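*Asks:* Sequence:
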Amino acid sequence: MSLTFSYNLQHVMARKTALCMTVGGIAMVVAVYVATLMLAEGLRETLSATGQANNAIVIRQGARNEVQSGISREHANIVLTQPEVAQLDTGAPFATEECLVLINLSKRSDGGGSNVNFRGVSPMSMTLRNPIKLVEGRMPMPGTREVIVGKPIYNKFAKTEIGAAIRLFGTDWPVVGIFEAGNTSFSSEIWSDVEVLLPAVRREAYSSITFRLAPNASLDTIKKRLENDRRLNLTIQSEIDFYENQSKALSSFIFYLGTVISVIFSIGAIIGAMITMYGAVASRTREIGVLRALGFSAGDILRAFLIECLMVAFAGGVSGIVLASLLTRLTVTTTNFMSFSEVAFGFSLTPMIVLQGIAFSLAMGLIGGVLPAWRAGRVKILSALRAE
Numbered sequence: 000m001s002l003t004f005s006y007n008l009q010h011v012m013a014r015k016t017a018l019c020m021t022v023g024g025i026a027m028v029v030a031v032y033v034a035t036l037m038l039a040e041g042l043r044e045t046l047s048a049t050g051q052a053n054n055a056i057v058i059r060q061g062a063r064n065e066v067q068s069g070i071s072r073e074h075a076n077i078v079l080t081q082p083e084v085a086q087l088d089t090g091a092p093f094a095t096e097e098c099l100v101l102i103n104l105s106k107r108s109d110g111g112g113s114n115v116n117f118r119g120v121s122p123m124s125m126t127l128r129n130p131i132k133l134v135e136g137r138m139p140m141p142g143t144r145e146v147i148v149g150k151p152i153y154n155k156f157a158k159t160e161i162g163a164a165i166r167l168f169g170t171d172w173p174v175v176g177i178f179e180a181g182n183t184s185f186s187s188e189i190w191s192d193v194e195v196l197l198p199a200v201r202r203e204a205y206s207s208i209t210f211r212l213a214p215n216a217s218l219d220t221i222k223k224r225l226e227n228d229r230r231l232n233l234t235i236q237s238e239i240d241f242y243e244n245q246s247k248a249l250s251s252f253i254f255y256l257g258t259v260i261s262v263i264f265s266i267g268a269i270i271g272a273m274i275t276m277y278g279a280v281a282s283r284t285r286e287i288g289v290l291r292a293l294g295f296s297a298g299d300i301l302r303a304f305l306i307e308c309l310m311v312a313f314a315g316g317v318s319g320i321v322l323a324s325l326l327t328r329l330t331v332t333t334t335n336f337m338s339f340s341e342v343a344f345g346f347s348l349t350p351m352i353v354l355q356g357i358a359f360s361l362a363m364g365l366i367g368g369v370l371p372a373w374r375a376g377r378v379k380i381l382s383a384l385r386a387e
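For the sequence shown, numbering that gives the first Met the number 0 assigns the number 0 to the initial residue and increments by one for each residue that follows.
Calculated directly from the structure, the hints in this document are not laboratory data. All figures in this text were calculated on a predicted structure; none of them were measured in a lab. For glycine and all other residues, C-beta sits at the position ideal for the given N, C-alpha and C. The hints are all genuine.
So the derived label-pair ranges between C-beta atoms look like this:
1. G169 / A204: 20 to 28 Å
2. L322 / D109: 27 to 35 Å
3. T258 / T332: 16 to 24 Å
4. R137 / V200: 22 to 30 Å
5. W373 / T327: 36 to 44 Å
6. T220 / S108: 43 to 51 Å
7. V262 / P173: 49 to 57 Å
8. G169 / K247: 30 to 38 Å
9. I263 / S105: 35 to 43 Å
10. C19 / L218: 50 to 58 Å
11. S105 / E135: 19 to 27 Å
12. A85 / V200: 25 to 33 Å
Derived BS3-like pairs: lysine-lysine, alpha-carbon spacing no greater than 25 Å straight-line:
13. K106 / K150
14. K150 / K132
15. K158 / K106
16. K222 / K247
17. K132 / K158
18. K155 / K106
19. K155 / K132
With the hints as extra help, turn the sequences into a complete structure.
*Replies:* Given below as structure tokens:
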């Protein structure tokens with residue numbers, strides 16, 4: 000014999016004030032936890048979306064990012080003559096040699112400074128990196144110091160509008176266009192001509208080479224060949240893998256920090272659920288005695304109270320997820336630990352995060368309800384029937 004679901008639902012709804020307070024507490028904790036997961040996932044998606052599956056990127060061995068890398072022109076020519084590198088109809092390699100440096104810009108909001116990626120690109124960069132598109136102004140003239148800026152950079156930093164000039168390396172770099180790069184980290188960059196940028200920063204070596212793999216070409220083949228060539232001291236990765244690895248340090252930090260905060264907050268929600276269920280046991284002592292007299296076992300009573308607590312926790316979990324889902328319209332910026340530069344990204348809610356949020360709420364309900372349920376199951380029949 001077991002108690003019906005309608006019995007549990009009826010008693011959950013009977014305590015509306017306690018129900019709302021407990022659901023609200025659990026909802027707030029779940030919202031914080033889910034928001035943390037969404038933030039980490041949004042960063043991961045932004046950086047992994049930066050790469051394309053059929054592109055490969057080459058940097059110096061031992062470099063953690065493009066800023067730390069250096070590839071000489073001689074070594075770049077060796078890479079670009081490999082048979083795995085796709086070619087254009089003209090016979091030129093479908094590739095781009097680039098230089099990435101960090102610059103400091105002032106924010107529009109408070110005038111504080113922050114690092115931004117300044118990338119020197121070649122004419123092939125726009126073609127290799129879809130869906131990059133110019134949304135305002137024009138492209139820089141080759142051989143000039145003209146620049147285009149990503150829209151998040153334009154929105155956040157001063158003197159990045161068209162017609163303004165960014166003061167860099169002792170000279171002015173006029174802004175002539177604003178571009179969008181979808182949900183990628185390229186949106187948080189400034190682009191100029193690589194052959195103009197290199198002498199301006201007193202560098203001769205490129206930071207990276209990105210190329211399109213030829214049809215049916217194997218990344219493992221060129222990777223093994225070039226990485227085993229001791230003259231080059233280079234490493235090759237899929238562009239997707241490279242940018243996804245750039246997100247690991249920061250996304251892990253966000254996840255663990257958010258989890259610790261959520262666990263601390265969850266203690267209060269668990270105590271609230273426990274108090275609510277202890278109150279339910281105290282107010283229904285005679286009812287429990289009647290149920291036991293009718294033949295319901297202690298296990299049936301324990302399960303009934305646990306189910307009630309899990310129902311409350313589930314309601315709190317759903318409410319918390321709904322609250323957190325409102326954050327998907329926001330875009331945040333922070334400093335990426337790997338590149339030490341600003342990156343803009345949004346909150347991303349996935350089915351797995353929804354399941355994790357529900358599981359977290361049910362875990363709080365289970366922990367908060369097990370002791371009151373155990374007490375309810377141990378109520379003596381005679382003493383319960385005599386209760387006022």
